[in-house]
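What follows is each chain in one-letter form.
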Amino acid sequence: MKKLLTFGLVTCCLIGVDARAQSGAPAADIAAGQQRAAACFACHNANGIAQIPGTPHLAGQERGYLEKALRAYRDGSTRQEPTMNAMAKPLSDQDIANIAAYFSSLPR
Amino acid sequence: MDLLGMYPTFYVPAIGTAWVMGIIGVIHVVASHTSVGASFLFALLETKAYRDGTPEIMGFIKKYGMFLLVFSYVIGSVTGPGIWYAITVASPRGVGGLIHNFVWVWAAEWVYFTVEVIGVYALVYLIGKVDAKTHLKLTWSFALASWATMLLIVGILSFMMWPGSENWYQTGSTNDAFYNLNFFAHLATRTGSMFVMAAVVGLMVASRVRDPVLRRSVVRFIAPIGLVGGLFAVMMFIYYLQTLPNNAVVMLNTYLLPVYARAMVAVFVVATAWLVFAWWQPQRVYTPLAVALFLFIAVAGVWPEERMRESMRKPYVAGQYIYGNQIIARNVPGKGIRSEMEQIAAAGLLQLHPFVPKPLRTVTADNRLATGRLLTQIACANCHALERGAPLRSLPDKLHGATDEDLIAAFLQGPLKHGTQPYMPRIDLPAPEIDAIAHFIAAVNRGEDVTAQPTPSTATAAASQPE
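Top line first, the protein sequences correspond to chains A and B.
Quick note: the first sequence uses my numbering, first residue 1, plus one each step.
Quick note: the second sequence uses my numbering, first residue 1, plus one each step.
Just chain A, with the same shape it has in the complex (with noise of 0.2 Å):
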């Protein structure tokens, strides 16, 4: 039984990893991640609770979720902002998921 849900619980992680990988979603570098957004604090300060008006707070957010916003940003079609636009443009697939995991490490 023990042999059978460690077994079990290996097959899983396992299957997780594979899933992860072949989505193409890279390993995340939370330090990385603080040290690229340096120029995305001038809005969203480093702590991630915004002071300008109109300017979201990052802190806790959902990492998928941010992920996701700035692939959006970045693309341009589903979200056209002319700031963000701008900012995620420059951002590679590794720094999306570095950055994303920087803010959502963030207590709120």
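Possibly wrong hints are sitting among the right ones.
Claimed, not checked - Here are the simulated lysine to aspartate or glutamate pairs, EDC-like style, with alpha carbons at most 20 Å apart:
| # | chain 1 | residue 1 | chain 2 | residue 2 |
| --- | --- | --- | --- | --- |
| 1 | B | 137 | B | 52 |
| 2 | B | 335 | B | 176 |
| 3 | A | 89 | B | 428 |
| 4 | B | 417 | A | 93 |
| 5 | A | 89 | B | 404 |
| 6 | A | 68 | A | 93 |
| 7 | A | 89 | B | 406 |
| 8 | B | 133 | B | 211 |
| 9 | A | 89 | A | 75 |
| 10 | B | 417 | B | 406 |
| 11 | B | 63 | B | 306 |
| 12 | B | 133 | B | 56 |
To be verified - Computed spacing ranges between beta-carbons, pair by pair:
| # | chain 1 | residue 1 | chain 2 | residue 2 | range |
| --- | --- | --- | --- | --- | --- |
| 13 | A | 80 | B | 358 | 52 to 60 Å |
| 14 | B | 389 | A | 76 | 44 to 52 Å |
| 15 | A | 78 | B | 389 | 35 to 43 Å |
| 16 | A | 107 | B | 2 | 51 to 59 Å |
What the hints assert, rightly or not - Far from chain A, some chain B residues (derived; all Cβ distances over 10 Å):
| # | residue |
| --- | --- |
| 17 | 12 |
| 18 | 48 |
| 19 | 83 |
| 20 | 112 |
| 21 | 130 |
| 22 | 151 |
| 23 | 338 |
| 24 | 401 |
| 25 | 409 |
| 26 | 415 |
Derived by calculation from the structure, the hints in this document are not laboratory data.
This one's a predicted model, so the numbers in the text were calculated from it and none came from an experiment.
We put the CB at the ideal spot given by N, CA and C, even for glycine.
With chain A fixed as given, assemble chain B onto it according to the hints.
Leaving out everything else, chain B in the frame of chain A:
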């Protein structure tokens, strides 16, 4: 290639020309508000002396008048032209715009100022030398002339914030500019504060009066005037806040009130407490205490007020048509002024600014740092210091030490190009200039030496022959 009518500007490291202006301005406002307020205190005191038949009060007026002559008028007259020199190198086009609008208003202000200066000499000198009624008339004329100088300047200062309606842009008329939306609120606020300033300085002078009866009657007369003036100033300040443009409101709520609100409340509480105390205990108005409170109220009260007024006006320096970085933001048909935004977006600042050294006219691989530095000085440095940790909205710090050039460039390509930040100019530059600016800012953030350059470090100030 056509050039734009731009001038060289100074760059003062760390504090920028903005703070240089601010420091001179604060000294000037303290001196001038004191003298305008004092002129009314004199007139009121002298009227009282005349009615009650108490000529001893004239002794106090003479003492205060001498003090004003030596401090207020000398300091006020030195710092007034000082402001002129400072704004001419900080914001030449801002000054140019104001002169084109207000040349006769300024001329009138000078006439009143002359009357005021001669008035204060005559007033002090003629005490006891002419009959009381003539002297009283003289004092009232002096007070009205003093207030007139303030009224005229306030019309100009409040136009700098904004005309408040579309009229002026179409007519270009001096009246439309002068009687702008926030003129009355601004004038009333300053009129109230001038009584506070005058009362606080008056207490300093009263503390030197030996005769206890005279001191008591003077202090009990001055303190309530200061209190009423302060209350009026606060009420009018709240009205003033309602007359501001949107960019000022955003700036106020986002950046200014969090920093300055506490100081302003503290000054109000301390000033009120001090005036009430003086009224209650005229004999305890000791000179060191009076001087300390004057300094506190002057510095902690006037500095936030002047800094706020200057900052709230961002991104413009005057009339919501000249940006802080000297670029003309919109057409003003009434004055035949044309926006420069499109031309700059197409050809770039390096080509259009007359005072760019020849080797920096185009961005190349070798001169990227030098062109970046020059462009940042032209486009941003009127509002941002370029050193890390500097007090005037340090640009490197605003970008949180970012070293990624692509993302700094993105900030220029998105928010600045589209003008999404209400307190910053729209800054739309060609791609090579954006990259040069990003390269420069990233180099500052990496801690590199950005001044050791083959090209002149006096950048903007170093004039070269236009091509």
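Hints and how they fare:
With a C-alpha separation of about 17 Å, the suggested pair residue 137 (chain B) and residue 52 (chain B) falls inside the 20 Å cut-off, and the hint holds. For a cut-off of 20 Å, the pair hint linking residue 335 (chain B) to residue 176 (chain B) stands: about 13 Å separates their Cα positions. A distance of roughly 18 Å separates the Cα atoms of residue 89 (chain A) and residue 428 (chain B); the hinted pair therefore holds under the 20 Å criterion. Between residue 417 (chain B) and residue 93 (chain A), the direct Cα distance comes to roughly 25 Å. Violation of the 20 Å bound is thereby established for this hinted pair.
Using a Cα cut-off of 20 Å, the hinted pair residue 89 (chain A) and residue 404 (chain B) holds, with the two alpha carbons roughly 13 Å apart. Proposed proximity of residue 68 (chain A) and residue 93 (chain A) is supported: the alpha carbons are some 11 Å apart, at most 20 Å. The straight-line distance between the Cα atoms of residue 89 (chain A) and residue 406 (chain B) is roughly 9 Å, inside the 20 Å bound, and the hint therefore holds. Using a Cα cut-off of 20 Å, the hinted pair residue 133 (chain B) and residue 211 (chain B) is violated, with the two alpha carbons roughly 25 Å apart.
For a cut-off of 20 Å, the pair hint linking residue 89 (chain A) to residue 75 (chain A) stands: about 8 Å separates their Cα positions. The hinted pair formed by residue 417 (chain B) and residue 406 (chain B) meets the criterion: a straight-line CA distance of about 15 Å does not exceed 20 Å. As the CA atoms of residue 63 (chain B) and residue 306 (chain B) are separated by approximately 30 Å, the hinted pair breaks the 20 Å bound. Only pairs whose Cα atoms come within 20 Å are accepted, and residue 133 (chain B) paired with residue 56 (chain B) is accepted, the gap being roughly 16 Å.
One distance hint, 52 to 60 Å for the beta-carbon pair residue 80 (chain A) and residue 358 (chain B), is violated here, with the actual separation near 42 Å. At about 36 Å, the beta-carbon gap between residue 389 (chain B) and residue 76 (chain A) misses the expected band of 44 to 52 Å. Checking the proposed 35 to 43 Å range against residue 78 (chain A) and residue 389 (chain B) shows it holds: the Cβ atoms sit about 41 Å from each other. In this structure, residue 107 (chain A) and residue 2 (chain B) meet the distance hint of 51 to 59 Å, their C-beta atoms being roughly 55 Å apart.
No beta-carbon of chain A is positioned within 10 Å of the beta-carbon of residue 12 (chain B); the least distance is around 24 Å. Its beta-carbon lying about 51 Å from the closest one in chain A, residue 48 (chain B) satisfies the requirement of being farther than 10 Å from that chain. Distance check for residue 83 (chain B) against chain A: the nearest CB is about 32 Å away, which clears 10 Å, and the non-interface claim stands. With a cut of 10 Å on Cβ distances, residue 112 (chain B) stays outside the contact zone with chain A, its closest approach being about 42 Å.
No beta-carbon of chain A is positioned within 10 Å of the beta-carbon of residue 130 (chain B); the least distance is around 61 Å. Separation of residue 151 (chain B) from chain A is adequate, the least Cβ-Cβ distance of about 35 Å exceeding the 10 Å criterion. For residue 338 (chain B), the shortest C-beta to C-beta distance to chain A comes to about 25 Å, beyond the 10 Å cut-off, and the non-interface label holds. Listed as outside the interface, residue 401 (chain B) is inconsistent with that label: its C-beta sits roughly 6 Å from the nearest C-beta of chain A, within the 10 Å cut-off.
Not every C-beta of chain A lies more than 10 Å from that of residue 409 (chain B), the closest at about 8 Å, which undercuts listing it as non-interface. Against chain A, the non-interface label of residue 415 (chain B) is violated: not every CB pair exceeds 10 Å, the least being about 5 Å.
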